[in-house]
Amino acid sequence: MTTTTTVDLFASALHFHPDGDVRAVERQMTSSPSGAWQIAAFHVETDADVHADHWEMHPDAEEAVCCLTGGFRLHFRPDAPGEAESVVRLRAGAAVIVPRGRWHRLELDAPSDLMSITLRDGTRLEKRIDTH
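Residues in the sequence shown are numbered from 26 upward in steps of one, following my numbering.
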């Protein structure tokens with residue numbers, strides 16, 4: 026008989042491995058050498074909950090950022106100095122695919138539930154330097 030497992034996605038993440046295994050694991054927001062795709066859900070109340078003061082980048086895969094409830098803005102770092110950030114506004118039920126290697130960050134419009142799906146290998150975070 027096959028055993029089933031219930032997973033609280035707000036407390037853990039799911040890792041989908043190349044061999045077909047799916048495992049519940051502790052969520053990691055930094056680089057993971059597991060070779061697994063991570064699906065994680067988050068309830069966020071403030072910009073601090075989404076590291077709005079940091080840029081994030083995934084060099085080895087695209088990322089799906091999904092708004093389940095609430096709303097937020099996904100900012101993309103400019104490609105060249107002096108250019109403005111581009112912004113995508115997401116509402117409940119919307120998702121955006123962040124291109125591989127593209128620096129991005131979030132800012133909340135309201136308390137939200139969001140989900141991210143990506144390969145975390147090589148993930149990098151950089152402190153945002155405010156240019157205002």
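Be a bit skeptical, because a hint or two may be false.
[Claimed, not checked] Computed spacing ranges between beta-carbons, pair by pair: (1) G107 to E51: 15 to 25 Å; (2) S37 to I154: 28 to 38 Å; (3) A89 to T27: 36 to 46 Å; (4) A105 to T29: 47 to 57 Å; (5) R114 to T29: 36 to 46 Å; (6) R102 to T30: 19 to 29 Å; (7) V50 to T27: 31 to 41 Å.
No wet-lab data here; the hints were simulated from the structure. Note that the Cβ used here is the ideal one computed from N, Cα and C, for glycine as well.
Hints, verified against the model:
no.	hint	in the structure
1	G107 to E51: 15 to 25 Å	violated (40 Å)
2	S37 to I154: 28 to 38 Å	holds (33 Å)
3	A89 to T27: 36 to 46 Å	violated (28 Å)
4	A105 to T29: 47 to 57 Å	holds (50 Å)
5	R114 to T29: 36 to 46 Å	holds (38 Å)
6	R102 to T30: 19 to 29 Å	violated (38 Å)
7	V50 to T27: 31 to 41 Å	violated (20 Å)
Violation of the numbered hints given earlier is confined to hints 1, 3, 6, 7; the remaining hints are satisfied by the structure.
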